[in-house]
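There are 2 protein chains.
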Amino acid sequence: MTDIDALAARLRAAIGARRVLTDRQELRTYECDGLAHYKVIPALVALPVTAAQVAEVVRECAAAGVPFVARGSGTGLSGGALPHADGVLIVTSQLREILDVRPEDERAVVQPGVINLQVTKEATPHGYYYAPDPSSQQICSIGGNVAENSGGAHCLKYGFTTNHVTGLEVVAPDGELVRLGGPAPDTPGYDLLGAFVGSEGTLGVATEVTVKLTRLPETVRTLLAAFGSTDQAGAATSAIIAAGVVPAAVEMMDALAIEAAEAAVRCGYPAGAGAVLIVELDGPAAEVEAQFDEVSALCAANGAFETRIAADDTERALIWRGRKSAFAAVGRISPDYIVQDGVIPRTALPEVLRRIGEVAAEHGVRVANVFHAGDGNLHPLVLFDDTVPGQAERAEAVSGAILDLCIEHGGSITGEHGVGVDKARYMPRMFSDADLDTMQLVRCAFDPDGIANPGKVFPTPRLCGERPGPRKGAHPLHEQDVAEVF
Amino acid sequence: MTDIDALAARLRAAIGARRVLTDRQELRTYECDGLAHYKVIPALVALPVTAAQVAEVVRECAAAGVPFVARGSGTGLSGGALPHADGVLIVTSQLREILDVRPEDERAVVQPGVINLQVTKEATPHGYYYAPDPSSQQICSIGGNVAENSGGAHCLKYGFTTNHVTGLEVVAPDGELVRLGGPAPDTPGYDLLGAFVGSEGTLGVATEVTVKLTRLPETVRTLLAAFGSTDQAGAATSAIIAAGVVPAAVEMMDALAIEAAEAAVRCGYPAGAGAVLIVELDGPAAEVEAQFDEVSALCAANGAFETRIAADDTERALIWRGRKSAFAAVGRISPDYIVQDGVIPRTALPEVLRRIGEVAAEHGVRVANVFHAGDGNLHPLVLFDDTVPGQAERAEAVSGAILDLCIEHGGSITGEHGVGVDKARYMPRMFSDADLDTMQLVRCAFDPDGIANPGKVFPTPRLCGERPGPRKGAHPLHEQDVAEVF
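Chains as they are written, first to last, in the UniProt record's numbering: chain A, 1 to 486; chain B, 1 to 486.
Take these hints with a grain of salt, some might be off.
In the DSS-like style, the derived pairs of lysine-lysine whose C-alpha atoms are separated by at most 30 Å in a straight line are [claimed, not checked]: (1) A:K121 - A:K157; (2) A:K157 - B:K121; (3) A:K324 - A:K39; (4) B:K39 - B:K324; (5) A:K121 - B:K39; (6) A:K39 - A:K212; (7) B:K212 - A:K212; (8) B:K157 - A:K157; (9) A:K157 - B:K212; (10) A:K324 - A:K121; (11) B:K212 - B:K157; (12) B:K212 - B:K39; (13) B:K157 - B:K121; (14) A:K121 - A:K39; (15) A:K212 - B:K157; (16) B:K39 - B:K157; (17) B:K39 - B:K121; (18) A:K121 - A:K212.
Far from chain A by the CB rule (all over 12 Å, computed), these chain B residues [said to hold, decoys possible]: (19) R10; (20) A64; (21) L99; (22) V101; (23) E176; (24) D191; (25) S229; (26) A242; (27) A286; (28) E289; (29) A297; (30) L318; (31) K324; (32) E362; (33) H417.
Hints are computed from structural coordinates only; laboratory data are not their basis. Quick caveat: nothing in here was measured; it's all calculated off a predicted structure. Ideal placement from N, C-alpha and C gives every residue a C-beta, glycine not left out.
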């Protein structure tokens, strides 16, 4: 009996035989998340239904020294839920109850497997919704959102997942159930809640999430403005923010992204546009009406040659349809593509978009841009054809160069998709050894044996258990590069 | 030569003789912070002028195994900057430069000794301000605000310090300079920035702070409503929030607090009021006007017998004068008082205020309430006369009972003043052993020798350096109670 067989037996006894998968065909279902070009079949899949069962599974993994990876709906785009070949994949999608909705305190308490949009559906009859809205909100889970600190089009005004989670129950990597944060606005002691949100499964598994509910706005107004170039659209974005307006969303699509969206969903965006902006304002009717006129004027002043205003929900949905379908639509104009995710200061938008165009041209690769312009969160889609030798490599080079551009301009290598397995190698471009070492101090504190989602986030896992003496060079690092694992 | 003499010599060599104080008279200046009933004279005071000098001082402390405590302006109300008798007090008030103001990116970069209000003064000509506004904002430092995660009257709408700090340079307890966070909205890796903000000096010393600047509102309108009772004022508060209005501030004062304010500054609040609410709305003029009418109507509907609207800045200042002077004003009606700080869900306000009244009556003690009603952040002032035997003890008992009420109602033992030395003993009432142990894992990771502000926040410091095996009971704790240190 192998170690994994022994662990499987113990897990079956602990959480029930049906909840433990070891059949290779069944395991294959879980070989990747939304970033499908990394694939690893896990040794075992556990499907717990309660927080206590999650704790049991983690405790058994800890006792056996076997790595574990938590997975929600598996929609992540950085490979954060990629399984470990010798490890246990803990699927939290069976923990899907909404435990409490308290509109009077603007809070809901949910299990990690609850689908993002479901929270909004439960809260809407009370006049509330859950603000963070990743594009995948119809299928992604709150637990996954917590792991990746997910964003969305409306995070410009409302903030990321971390701004909407006020309390967590988590299973630490030793199997202990711990509470972080709570319903009060400022909990004493360390804010480990903030450190946990976005830790991508490396500090434990969330088993209960208390989220803020946001009041449904009195009014929503949506505008589509067409520009000759991304420079003009970028300048309009800066002008809107500089005027003190905080739109709910400011989204940009460039010519190639518009072409793709038209091919896929015939959204009917203005012909001949080098870029479109979608600007959405929400809030009290009096405020929205006044600011809406200002936004229209600023778009015109910055070169918009056509502006459309959604007259009703149907027209609003049509404007958003092009934007929301853009990623998938790119499949219409290119057999393969890489979705990149990076952040730059909003003021650097025109410059960085120009540089992306230059880098793409140098490598003979096309890049479509669809992104959250308001907060400088780029999503360049690097197009290629995997059947043409060399194209994938060139696309990969452009994709990496885009991240370098983000760092150069004072930005970040990920806005909302996370580091996962995909970007661990870029972390040293953004952080000094001392910075990374400080983060790993925390990882080692929580997980001295390195069994919680190993190989993710950090390029070179450090050996824990040594006394931090003089920091630099004192900690031997694994020589193995994460990129070699796959 | 004692150890401290040797350390003093090394520090004088490192940062200059003038910057190291060891004379007992000079040291006495620093014996307490704003919570003056704890007093400890430090062994040595260091007055560094650069981040590099702060790092030098910490490195020397680490090498000598000597504890250090960082202090900004010394206005804290939980004894967080209380010196250690055998340790070094690092005063950061000489690091007082505003390094950069970038309105186009809505950021400023400041040194920790910069005074809170100074940031707003620098930003105002650009149309911006720094939102967190503790009552002490004319004298408190940004570094202290970071340590305590300071709040203020306008945090209801704008959030606490942690919501306005996007990047830090800190000296870790081993003397290494580390960067946490940055200008981008979501930094990859762990959000240690959030953990550091509010860590009360136990994870290191901030040496540079990047803060968000907030656009000056187009309009500010302020209203004072007088009610017969705190029940009515509490109900009005709930009604305003339930209507979807987010005021910039909702402050409440009860009859005793009003009496004190009148005695001190003759603010002219309506006679016979059992409670007053100050409601301030800010934002676009169109929104503010519309919501202002709604707020007035809701106050009237909940029993307000008089409502005053500030016609200009002078009248606005007059309304705020009573509120802002209230703490000091209590000195007019009582020789001594304890300022308590706790949080409850807003919906529990009427019930908890009633219970506070009952507890006070049982102990024969008077309690004045002045507080941030909008976010349920109570500041009961427990009045006593230290010259009357037994009164101080009774006041202390009432003060503790108020925290128990907060915890019972799902709140917290501190809203914005921090745990410091004063409330460490209450932490186990709010957190389980496992929760506290998890926080201390992080403390040990940063500070294995326990030299960064020891005796604060945690009631029973744990011995670091042991492998976390099975968690419960495995970590021997110091038997010494922090309360015995003084």
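**Item:** Hint consistency between K39 (chain B) and K324 (chain B) [alpha-carbon to alpha-carbon, up to 30 Å]
**Value:** Between K39 (chain B) and K324 (chain B) the Cα gap is close to 26 Å, so the pair holds against 30 Å.
**Prompt:** Taking the closest pair, is the beta carbon of E362 (chain B) still more than 12 Å from chain A?
**Reply:** 26 Å, holds
**Satisfaction of hint between K157 (chain A) and K121 (chain A), Cα-Cα up to 30 Å** = 21 Å, holds
**Prompt:** For the pair supplied as a hint, K157 (chain B) and K121 (chain B), is the alpha-carbon distance within the 30 Å limit?
**Reply:** With Cα atoms ~21 Å apart, K157 (chain B) and K121 (chain B) stay inside 30 Å; holds.
**Request:** Would you mind confirming whether the straight-line C-alpha gap from K39 (chain B) to K157 (chain B) stays at or under 30 Å?
**Result:** 36 Å, violated
**Request:** Confirm or reject the statement that E289 (chain B) sits farther than 12 Å, beta carbon to beta carbon, from all of chain A.
**Result:** Given a closest Cβ separation of 7 Å, the condition is violated.
**30 Å Cα cutoff - pair K212 (chain B), K212 (chain A)** = 22 Å, holds
**Item:** Beyond 12 Å from every chain A Cβ - status for A64 (chain B)
**Value:** Non-interface label stands for A64 (chain B): nearest chain A Cβ at 14 Å, farther than 12 Å.
**Asked** Within a Cα-Cα threshold of 30 Å, do K212 (chain A) and K157 (chain B) meet the stated pairing?
**Response** 14 Å, holds
**Message:** Hint check: K212 (chain B) vs K39 (chain B), CA-CA at most 30 Å. Holds or violated?
**Reply:** 35 Å, violated
**Message:** The output says L99 (chain B) does not contact chain A. Does that hold with a beta carbon cutoff of 12 Å?
**Reply:** 15 Å, holds
**Message:** Please check whether the beta-carbon of A242 (chain B) is more than 12 Å away from every beta-carbon in chain A.
**Reply:** Per Cβ check, A242 (chain B) is inside 12 Å of chain A; nearest 7 Å; violated.
Checked against the numbered hints given earlier, this structure breaks hints 5, 6, 12, 14, 16, 17, 23, 24, 26, 27, 28, 33; the rest are met.
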